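S.K.: Residue numbers (the numbering used here), protein chains in the order written: chain A, 115 to 821; chain Y, 115 to 821.
FYI, nobody ran anything at the bench for these hints, they're computed from the structure. Here the structure is a predicted model, which means the values were calculated and not measured. Careful, some of the hints might be misleading.
Each pair may be met inside one copy or between any two copies, as identical chains are not told apart.
[Claimed, not checked] Calculated cross-link-like contacts (lysine-lysine; reagent style DSSO-like; alpha-carbon spacing at most 27 angstroms):
(1) Lys458 / Lys809
(2) Lys658 / Lys374
(3) Lys332 / Lys357
(4) Lys809 / Lys374
Next come the chains, spelled out residue by residue.
Protein chains: 2
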Amino acid sequence: MTALSRSIVRFALLLAAIIGMTETAYAEDGYDLWLRYRTQATTSTHRVPTIEARGDTATFRAATEELRRGAALFGTSTPTILLATADDRAVAALHLPLATLGDEGYRVGRVTLGNRRVLLITANTDRGVLYGSFALLRHLQTGGSLDRIDLTSTPRVKLRVLNHWDNLDGVVERGYAGASLWDWWTLPDFHDPRYADYARANASIGINGTVLNNVNAKADSLTAPYIAKAAALADVFRPYGIKVYLSARFSAPIELGGLKTADPLDPQVAAWWKAKSDEIYRSIPDFGGFLVKANSEGQPGPRDYHRSHADGANMLAAAVRPHGGIVMWRAFVYAETDPEDRAKQAYTEFKPLDGQFAPNVIVQVKNGAIDFQPREPFHPLFGAMPKTPLMIEFQITKEYLGFATHLAYLGPLFAETLGSETMQRPGETVADVVDGSVEGHTLTGMAGVANIGRDRDWAGSTFNQANWYAFGRMAWDPTLGAAPVAREWAAMTFAPSPGIVDPVVAMMMGSREAVVDYMTPLGLAHVMATGHHYGPGPWIADLKRPEWNPVYYHRADKAGIGFDRTRTGSNAVAQYAPALARRLADPATTPERALLWFHHVPWDRRMASGRSLWAEMVHDYDSGVAYVADMSRKWDALKLDIDAERWAKTATYLAVQQREAQWWRDASLAYWMSVNGRALPAGTAPPAHDLAWYKAQRFPYAPGNPQ
Amino acid sequence: MTALSRSIVRFALLLAAIIGMTETAYAEDGYDLWLRYRTQATTSTHRVPTIEARGDTATFRAATEELRRGAALFGTSTPTILLATADDRAVAALHLPLATLGDEGYRVGRVTLGNRRVLLITANTDRGVLYGSFALLRHLQTGGSLDRIDLTSTPRVKLRVLNHWDNLDGVVERGYAGASLWDWWTLPDFHDPRYADYARANASIGINGTVLNNVNAKADSLTAPYIAKAAALADVFRPYGIKVYLSARFSAPIELGGLKTADPLDPQVAAWWKAKSDEIYRSIPDFGGFLVKANSEGQPGPRDYHRSHADGANMLAAAVRPHGGIVMWRAFVYAETDPEDRAKQAYTEFKPLDGQFAPNVIVQVKNGAIDFQPREPFHPLFGAMPKTPLMIEFQITKEYLGFATHLAYLGPLFAETLGSETMQRPGETVADVVDGSVEGHTLTGMAGVANIGRDRDWAGSTFNQANWYAFGRMAWDPTLGAAPVAREWAAMTFAPSPGIVDPVVAMMMGSREAVVDYMTPLGLAHVMATGHHYGPGPWIADLKRPEWNPVYYHRADKAGIGFDRTRTGSNAVAQYAPALARRLADPATTPERALLWFHHVPWDRRMASGRSLWAEMVHDYDSGVAYVADMSRKWDALKLDIDAERWAKTATYLAVQQREAQWWRDASLAYWMSVNGRALPAGTAPPAHDLAWYKAQRFPYAPGNPQ
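Could you build all of it, start to finish, from the sequences and the hints given here?
M.R.: See below:
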């Protein structure tokens, strides 16, 4: 060898040693989420592409930096990547049809500028350019090619917002991924690097807003020190197109302002909120506005003063309106008084208010009428308040779906609700209501209760990250479909190889149905244990309020099971559009998956399968348990394809889920048998323990359940 | 170029690209603690040394793996590293003086085995070999050479134990580094990789035990599910020589066993504990034993049944004795009844019990007689119970020293206490009591209340890691000295360059004294705000129990300030050895740093400096504030020498500390002036606000203060 090649060899060996070191130190612990910009197998070499940003805003810099992070994805033949807004002279000269992109859409494609072929990422705003940059990276991460690339997209929903149920003491209500991401104690001084990574992750899937604090709000979050802390986060998030919102405690004028009332029609109260809003906007000029949970589960609200929800919302809306802020007012209300049927209360209270809300108010409605169950029919308010913008609220964190340890991909849940036909207007789906397309609302939105905490992998498990991802992608476009989103996520999170993506997506797609099967088959709901909602508790009947008890929801007796919501019962079906109400009024025309939600039916009722209802329930429980076993088999087969740390954690969690699915199935069957006195179908395994054993289980420190 | 060299160049470029990637991805976020095995500047090349382990235990494998992690530290001329215990035939043939190493000491040196020169790490046990391996790595990390290497060390203290004040709901009492490291919810199934890294870090500094749960214990930690969870942790820790202990709630026989009493002399109670211990040892064969906080701050204990602490401790000791377990019984007792002087209570209760404890009981005594203040005189029990093994308890977490945000290196605090002369026997220091050398106790120990949580950098800040490090090193050898330990830590944590180590150590060494100066100068104590102990509250006088109030401790009035603990006061000085008591009885022979701890003295009292006491206090407050400014200057000068992420966080925290030191100084002076009616010495800056402003400060969500 020549001296040169000898020195090259020494250099290469040194490099190899250094790589060995850093590889050891750098574990695949899930921190990178789906933003893993590893070299693809098809790309043997790469170089950092030339990136030309025609703009110097913080958002342009964020886009440029993100593309640099993704350098490994680009081949050597990548043309110059040009980032420019539509008003750039060279871009304008191309006469591209960019007007329809609005202020967040993007277009990514190859164009010729002068005599240069470039890869142009353009939009009407720098935020659009950022979204386009993430779209380009996603395209490459999912195996896309740069030849004839043409990515054009505009979000169909305006407000794509995470709701953090994070308390100021760091405990996250219904959080299963560690403490709150917000370290309020060291804010506003210390900007944990995670805050920027959180913003990157959200921007990559189009989320443009975040409500920092729990809807069960403390007034303290509106004090000067906490406004300063929120402002520090807003400063970090702003370059990524993310606005900060706060949950507002309706009684804050009393608690902080020393007023005697929080009556929304009291001028002093209105003035207090006006002054408070002005104070917030001085620190956070692009503050998004307030989210309010009022007169629900003990929270204060306008009804304490015999005012309507519209009175309350409009008063707050007036306070933020001069600054361009909005109010997201939740329709999740119950327990003001003992209800006839908890499922009916939101409709009963809000439907009459249609048309009474100020233009900068949007009413936030949960996907179903109870509370984030594994399956609920869509909420009857969707389509029933045409004069009011309604945003849909999903729960990304799995309060009722096995916490962080159960693998349950929620894409199908989101898609099922969004795709439901309201039958209020021809062809109208919930998605049409949410994106405002039928009634022409421009204030539209989708909220997701975040599953994010300080755990290193953010969401408590790798597969929980998929729910955050799917929420963002489907908020951008509610029609995307659960499977395509799962494929994207799997390719980005693991690798864009069919040998990995196919089995992973196969695991994911049936996983939520499996949870329904082993927890709440055939339309059952709210049979979880008290308070923490972990594990089965269908026998619970001794809680103070009727609608806190699982027996209130399933109404099982010797003769049958299910909640009669027809005319012979609560008549909640009448809250749907007449055509749908008629269909749901009859067990024969009610989808079996919602049967026990709407009807009390005999255990012997014949199902479509030919089995009795009782046998069908047993069959569903067993199917759910079997599905988890099948997921484990699929995951085991991927052991060599997935990095060790992420593989092992999911494998462990699948084993937990297997045990707990069996527990759910066994405990539920033991209880139903104690009620209906029936034997199990032949060949069915009996529960492992007697009912008393299941009833005796206690989980005093279950997470996510602040006392 | 030849084809070969061309392909080498391509290979090298590819490697360079990959390195670029991993370097981006791998941030210096503090996770690696002092176990940073980066290549030293003096080592231009390295290779993985040959490691030959003559043993196949999990501990041998841990040692081998650790040396592999540290491969970058070794030069190309490193001889084979041989790991073997003293009973290895080849090692035995060397006739090394290994017997004195005991079962944890080690010897690392070059030897000739047959015709081979090897680097031998040997000990009487595999644990000793592991400690020797870490010692070798530390030697290289701190710039040591392998030429003529000779590392021999034996721990002077047997139990080197962390106390985690971690609650089962994940909240850490007095924790300022995030939630509990123990994710009880996912245990025993999921073994977070952090658990093993925690064990590595502890083993590297010689810690050999950990009490998993808070001394304010819940009985639940003794139930079967939690024993299984503790056993899972014990399995992870065992290869690293770390035993698991549990805090035991004394009333558990009532709460879990359904007994009517927890009277330690009741045979049923003793039988319950015996059965419970047997149950624990079935899952954790090397379970260390129990730590008990009894009859203190509301905890149950033997005195509820008119039994002594010895009765309680000995009953538990009998339960674990057949398994080789021990009981650590805390002497921190107060508030049973309103005290004459809180500082006297532990001595009053425990001194008469000397000689009454079973042989496997060790009494755990806090470093001082109050509660982990920035400075306390050593606890009078040290040296006063010669027939009883006493272990010392330090607080590593900074409950009273500014939480995680203040830089306060506690090495000098540890060393000051350990080096204090008891004057009970000629030359006897607290360290002599702790290491048992005077009375010949073999059960010896040092406990540190951990500052560890789920924060990425474990301890809430880089410099807090130094306190964990110093505790472990000084528990191994209480005579090491604070400065040498700081030098080790700084070299390992940053780099072994004098340009970094010198200023970092200079910052550290005076930092605790600075906290004393700006919080509690001249022997003041417990003047912090209520509950959370964050910030100044010397004016607080309205709490229910007298000894909860800062005014109880400082007793400032128009005439003077300080707690008279001489014969004219509580006569606490009489609890010290007569010669020392005589010295402390007279302000003239009391060290000025402890003056106000022992004496109530006039504001005009002349100090050694020539200043009046009042002027001296002002001077001390100002010195403390100035020291923080000086630390900031030193840190700013290191900006180019420290990685960006760690540098920035410390810089931010120093700015917080600066603001808060000033607040402490200003609030304290404003209050003292309101009491003594005096003006500030000429040229002294007045407080920024009036006293009412300082009194009005509220911190409702201060961390570490579970309600």
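S.K.: It remains to establish, for every hint, whether it holds in the given structure.
M.R.: We went through each hint and held it up to the structure:
Within a single copy, Lys458 and Lys809 get their C-alpha atoms no closer than 30 angstroms, and across copies no closer than 50 angstroms, so neither meets the 27 angstroms cut-off. Taking the closest pair of Cα atoms, Lys658 and Lys374 never come within 27 angstroms of each other, the shortest separation being 31 angstroms inside a single copy and 30 angstroms across copies. With identical chains, the CA atoms of Lys332 and Lys357 are at most 27 angstroms apart within one copy only, with a shortest distance of 21 angstroms there and 42 angstroms across copies. Only between protomers do Lys809 and Lys374 lie at most 27 angstroms apart by alpha-carbon distance; the minimum there is 25 angstroms, versus 47 angstroms within a single protomer.
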